[in-house]
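Undergrad: Let the sequences and hints guide you as you build the complete structure.
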Amino acid sequence: MADTRPRPPETRPAAGTTGPTGDGQDLQTTEHGVKVHEVPATTTEREFTVVRRSQTQMVIRRFMAHKLAVGSLVVFVLVVLVSLIGGRFWKYGYADITDQFSSPPSLAHPMGTDDIGHDSLAQVLRGAQKSVQVALLVAFLSTTVGAVIGALAGYYRGWVDSALMRFTDLVLTIPSIAILAVLAATLADKAGNWFFVGVVLALLLWTYIARVVRGTFLSLREKEFVEAARALGASDTRIMFRHLLPNATGSIIVNATVMVSVAILTETALSYLGLGIKSPDTSLGLLISTGQQAATTRPWLFYFPGLMIIIIALTINFVGDGLRDAFDPTQTRVRA
Amino acid sequence: MLSFIIRRLLVAIPLVLLSSVLVFLLVANSGDPLAELKGRNPPVPPQVIENRRHELGLDKPLPARYLTWLGNFVQGDMGKSVRGIEVRPLLWQRLKVTLRMVILASILAIVLAIGAGVLAAVKQYTPTDYTFTFLGFLFLSMPVFWLAALLKEYGAIKLNALFGKQVVYTVGAETPNMTGSFGDKLADWAGHLILPTIALALISFAAWSRYQRATMLDVLGSDYIRLARAKGLSRSRVMTRHALRNALIPLVTVVAIDTGAIFGGAIITERVFSWQGMGALLVQGVVQTDVNVLLAWLMVTSVIVVLFNLIADVLYAVLDPRIRYG
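Chains A and B, in that order, give the protein sequences.
Under my numbering, the first residue of the first sequence carries the number 1, and numbering increases by one thereafter.
Under my numbering, the first residue of the second sequence carries the number 1, and numbering increases by one thereafter.
For the record, the hints were derived by calculation from the structure and aren't laboratory data.
From a predicted model like this one, the values you see are computed outputs, not experimental measurements.
Don't be surprised by glycine CBs; every beta carbon is placed ideally from N, CA and C.
Just so you know, not all the hints are guaranteed correct.
Unchecked claim - One side only, chain A facing chain B, incomplete, derived with CB under 10 Å: (1) Gly93; (2) Ala95; (3) Thr173; (4) Ala184; (5) Met240; (6) Ser261; (7) Tyr303; (8) Ile316.
Unchecked claim - Here are some chain A residues the structure puts well away from chain B; computed CB gaps all over 12 Å: (9) Ala65; (10) Asp96; (11) Ser103; (12) Pro110; (13) Leu136; (14) Ala178; (15) Arg221; (16) Ala231; (17) Arg238; (18) Ile288; (19) Gly291; (20) Ile311; (21) Asn317; (22) Phe318.
TA: Structural data, given as structure tokens:
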């Protein structure tokens, strides 16, 4: 985070072109508001001490003022942690068969059991683990791929842009769930693997990020600070990754949160169709698909996996919304 | 205007062609169509398999197979399924079933989204706004199959109990072998359509209403609205005549881009309600490695999506004269 924080262009040293390295080092330290504050601690305090806030600090302050987003972030982090490691600490494993059949939620089985005797909580935890793994992988991969492709298209324009954007159009022409379905059959033995599902999803979902980053790059590349950097002899790679990308961080992070929820919804839908993660392993989509068959008699088998999906997707969407406001320099509801 | 449409078409055609290459590569590698034949017990003589391979053109190189397939496809020949059924009538019949749901759900979603989005924007930061915002986020985060199943398993029973007879159905797209007047048939269709349509519509509604709210807020903050108010026009006149008309335009693009997503959602919704539509055809095609069915399915969907995008582009240009045709 600290490295990618958008810096105001006027204080940006075009390192590598500034001559002695000590010079650049100096600028780096004074740039941090905190460091400035520490220096006068030994001397007498000035009457008005104004500590300059960095961009990151401003974003964090604005985000913290958004109560719903902060609360959602807390819940999301908790749910992700519980999903990833919670299964180990629960007394039943997802494949364990207990002597309780179709029992409604109770203290021993907080989410009840199914007709074979599986503990539902253990199964929901396992399913959530797979879904969260897929979602985080997809968010990471699709954001990285999308940002690089969008950056190249927006920076170089011309035929690079046309080629890459026609390619993203192409990916959008077929419903991703259909491509996934066909691919799942092709690589049937790998299809049950969460890593495979995640990689394929990421290969279909990067287009959104690519479009956003391209748009940002198209407008940023005309700015004076890019011209200045180029005049100082910065290479294309340097301009793209050190000067332009940090300024696009906001929209990239916001879209990464959207990716998490899109990925979780797509993965569970695929499993629901029976084409994603397969039994004996389990996933939230698969649990709903089986739970639905007895939705009226054993509603707990149907409700809990669905609620789990909604909680994960809803909280990350609220976090994304909060971040969108926090990164928006024009928003004035919170003093930052 | 005409040259604009033609230019757009010239972009769309190569896109569809590229898409067909992609689709062909995807399906050609999706498994062995002869697997079922080879796996038969007692084993089929190798000569039969060889003949079948030749018959399906599998002994030719990939580019040649692609060209043969494309040539036939363009002429409307989509080949036969593994069961020997002509693909074109099959696909057409399934498409009609699915389009019924998709079109109705899209219309419902657009109407709801415009209403909710505009209302939320006009009453920004009031309980109305917060309610619609929360609902939008909720449906945005809800898996379509869960919502559909919820409506099916619980909503349908309540609704039918309310009317005292079966008005909504939860299985299939229509009652098989239905006889009766046209009115009865229409009621039967509606009864089957209502729940899947609502489920599908609410999911699209979520994203679109958020978008509509943002656009409306954008317009409401612009100078010409302030001018209209300043020169003494009534609030309601400014809202309907000045703000709303312009705030509706950007939604066109979003709806068009989402066509693919709605189709994807329809596949899943159909599964919940056991419709024999495109979704069932896709899953069946995947399970049976039915190459011709899959090829036709993906190609037709891709053409539909490209077509909708084209329509949106043209519509956008008609609605917003600032778009340059040149």
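Undergrad: Run the C-beta distances from A/Gly291 to all of chain B and say if the shortest one exceeds 12 Å.
TA: violated (9 Å)
Undergrad: Beyond 12 Å from chain B, beta-carbon-wise, is A/Ile288?
TA: violated (6 Å)
Undergrad: With d taken as the least Cβ-Cβ distance between A/Asn317 and chain B, does d exceed 12 Å?
TA: violated (5 Å)
Undergrad: May I ask you to check that A/Ala231 keeps its beta-carbon over 12 Å from the closest beta-carbon of chain B?
TA: holds (33 Å)
Undergrad: Does A/Arg221 sit more than 12 Å from chain B, CB to CB?
TA: Check passes; 22 Å lies beyond 12 Å.
Undergrad: Grab the minimum beta-carbon distance between A/Ala178 and chain B and tell me whether it stays above 12 Å.
TA: Non-interface label on A/Ala178 violated, nearest chain B Cβ at 6 Å vs cutoff 12 Å.
Undergrad: Tell me if A/Met240 is really an interface residue toward chain B, meaning its C-beta lies closer than 10 Å to one of theirs.
TA: violated (27 Å)
Undergrad: Have a go at the A/Ile316 hint: is there a Cβ in chain B nearer than 10 Å to its own Cβ?
TA: Where the cut-off is 10 Å and the nearest Cβ of chain B is about 8 Å from A/Ile316, the hint holds.
Undergrad: Given A/Ala95 as an interface hint, is its Cβ closer than 10 Å to any Cβ of chain B?
TA: violated (24 Å)
Undergrad: Holds or violated: is there a CB of chain B closer than 10 Å to the CB of A/Thr173?
TA: This interface hint holds because 4 Å falls under the 10 Å limit.
Undergrad: Next item in the hint list is A/Tyr303. Is there a CB on chain B closer than 10 Å to its CB?
TA: holds (9 Å)
Undergrad: Report holds if the minimum CB distance from A/Phe318 to chain B is greater than 12 Å, and violated otherwise.
TA: violated (7 Å)
Against the hints set out earlier in the document, violations occur for numbers 1, 2, 5, 14, 18, 19, 20, 21, 22.
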